[in-house]
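**Student:** One letter stands for each residue in the lines below.
Protein chains: 2
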Amino acid sequence: MKFTIQKTQLNESIQHVSKAISSRTTIPILSGIKIEANATGATLTASDTDISIQAFIPVDVDGQRVISLERPGSVVVPAKFFVDIIRKLPASDVHIEVNESFQIGIKSGSTEIQLAGLDPEEFPLLPRLSEHQTLTMPSEVLRSMIRTVAFAVSANEATPVLTGVLWILENSKLKFVATDRHRLSSVEKPIDCPSDVKFHNIVISGKNLNELSKILPEQNAMIDIVVADNQVLFRTGNILFFTRMLDGTYPDTSKIIPQTYKTETVFAAKPLADAIDRAYLLSREEKTNIVRLTTADDERSVEISSSSSELGRVTEQLPVERMSGEPLKISFNSKYMLDVLKVTDDDSIWIGFTGAMSPMILRPANDSGILHLILPYRTTT
Amino acid sequence: MKFTIQKTQLNESIQHVSKAISSRTTIPILSGIKIEANATGATLTASDTDISIQAFIPVDVDGQRVISLERPGSVVVPAKFFVDIIRKLPASDVHIEVNESFQIGIKSGSTEIQLAGLDPEEFPLLPRLSEHQTLTMPSEVLRSMIRTVAFAVSANEATPVLTGVLWILENSKLKFVATDRHRLSSVEKPIDCPSDVKFHNIVISGKNLNELSKILPEQNAMIDIVVADNQVLFRTGNILFFTRMLDGTYPDTSKIIPQTYKTETVFAAKPLADAIDRAYLLSREEKTNIVRLTTADDERSVEISSSSSELGRVTEQLPVERMSGEPLKISFNSKYMLDVLKVTDDDSIWIGFTGAMSPMILRPANDSGILHLILPYRTTT
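For the protein sequence lines, the chains are Y and D, in the order given.
When you number the first sequence by my numbering, it's gap-free, plus one each residue, and the end is 381.
When you number the second sequence by my numbering, it's gap-free, plus one each residue, and the end is 381.
Looking at chain Y on its own, in the form it has when it is part of the complex:
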């Protein structure tokens, strides 16, 4: 293999695939990036067996020649050093040459690097997926759906399936659900796809979806999603992102969503977030994060409060935009509510209560496809 490539293009692709490099792998070949060069361009691949990312750099980008190939071939480069050094090379071009024993020579300006590469034949092959179940959606819709629910997955590896996000596609509607048993977040969006494309019980690691989010284009891009037996492929532009599905059956959460409410409220989102944040600061010192919300008799405000046995007490009156139903005192984990408010872009948020010991539901006032559930603390005071 022998070719010259623009440093900025190479660097961008390295940044993309490097998200799949595990720093703690015990399998040496997986601590590398596979590079293949041929007449069409250069392909970089990295994998930690859980996710695999491939980035392709065509010979010409926007009508400009970015690769000149002298001899096709492939090699596996040691990733950690390669990632760092390419960024810091002095010239705008990088010349890469590999001999039969996988010795790699890299030249840029007056810098020369010799590296011991590995045999590309030993690098795991990417899964070949049947493209039967394929949907296409705008990149920013997928990003936004991931952001809306991924924070609510469980951090507890004892129940692996709950560390993932449940995907359901039915009647051209894509739905995501995440729960850690104390809270649940879900979002549903209409998708432009044939009505016979459908799936249930597909669960993808929340961590992997967050990694995917980082390489999804910001806007004006479509993403293909291929759902196969135990793998899902995300394809956008010149990037392929494979992730394994999580094993196990996702619990049925539909029954815990209340259908009627005893108390309904609408808050301006920013003042609510600020008030909860102040109460959280004190509740954090108690390591409980418990904050209490109490409705006022005139139905025009609520009291937000928290207390710490050592430090003291925070109390404030917060106006509501609308309120109806029964008076209420409820205690909950303020961190959970802050997590919801952080991903809420609407100016107003609707909160429905079903009593002091029962779930509360939060929805952005303008988007009925989004639902967040928080279980209250069962306190006696």
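None of these hints come from the bench; they were simulated from the model.
Quick caveat, the model's predicted, so the values are computed rather than measured.
A few of these clues could be false.
To give a feel for the contact side, a few chain D residues facing chain Y, derived at Cβ under 7 Å [as the list claims (entries may be wrong)]:
1) D84
2) K88
3) S110
4) I113
5) A116
6) T315
7) E316
For each residue, glycine too, the CB sits at the ideal point set by N, CA and C.
Using the hints provided, position chain D relative to the given structure of chain Y.
**Tutor:** Using the frame of chain Y, we list chain D on its own:
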């Protein structure tokens, strides 16, 4: 105590004094900030017994009333929560009221906070220093002198005196020296002070000087420095910063500075830093950071190289601006040289060598007051 204060002013002073709050103190009163209010203004004090910082907020700032006092007094507030909550209060004014049992009430907008305070009589008094030995210098000169040497102090607490920076004032010249036995950095600047003000063997913790740097005004400010028995006071604007001196006798380092050189070179600083950085990246993988510099026969360039038994080798040719003397091969800790180049603002740097086994000296080409010494590695190859 009862007064109202502008949040931004209070917050700024809290940020200043909070650098003296130890998060791991076993003495409860030291995890607090002492607040005193009287007719002239409000004073905040924090101390971890090693450093103490006091910030004063006058009643009027730039002709604008920032404090309105109803009743003078003082209290110690729990620092960690106080620091966080004041920043997040909703209104631009903060009302603070303390009763006889040190219960603190804080009001801002519709937020009300009750905190358990502590008795200010228990808070340690600031040292009272004789102002006999006082000098005044521009804040930016002090910042720059600290930055030039503080990175070179020892991180090894086994020899406490080497974790500090040595201060010497003599003939109206202030000199700082720092060394960890493998390298040494020093800087000397003329100071406008009476020639009878002088001191020797004053050693101040490098960590404390870095904290001081963070609160020194960026420019156009003078700083008073009061040197007393075992304390040094830095006074600028409305801030007092006290630090203990380190005990012990600082070693005499004057004899290790070479007076003649076998090889002298001048490099453009940026290309040298970039080349060393690339070689460092590989040497880091070996955990030695060893980089080798070899002069070329034509005296117009040097070769910078490093190698890793596992990964490979980085080599590059770096032009020199000037070179004279004997040819040279020398191996050194590249991290030490990067540290020096990071604080070098000059475009060119002079490096004098005294042989492969002897110290090398680095000086910014335009500033003869600065000197950095690095001991080479004694390698046999």
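**Student:** With reference to the structure, classify each hint as holding or not holding.
**Tutor:** Consistency of the hints with the structure:
1. The beta carbon of D:D84 comes within 5 Å of a beta carbon in chain Y, closer than 7 Å, and the hint placing it at the interface holds.
2. The closest approach between the C-beta of D:K88 and any C-beta of chain Y is roughly 5 Å, which is under the 7 Å cut-off, so the hint is satisfied.
3. Given the 7 Å rule on beta carbons, the hint for D:S110 holds: about 4 Å separates it from the nearest Cβ of chain Y.
4. Because the smallest distance between the Cβ of D:I113 and any Cβ of chain Y comes to about 5 Å, under 7 Å, the interface hint for this residue holds.
5. Given the 7 Å rule on beta carbons, the hint for D:A116 holds: about 5 Å separates it from the nearest Cβ of chain Y.
6. Hint status for D:T315: holds, given a least beta-carbon distance of 5 Å to chain Y, under 7 Å.
7. Checking D:E316 against chain Y by beta carbon gives a least distance of about 4 Å; that is within 7 Å, so the hint holds.
Of the numbered hints stated above, none is contradicted by the structure.
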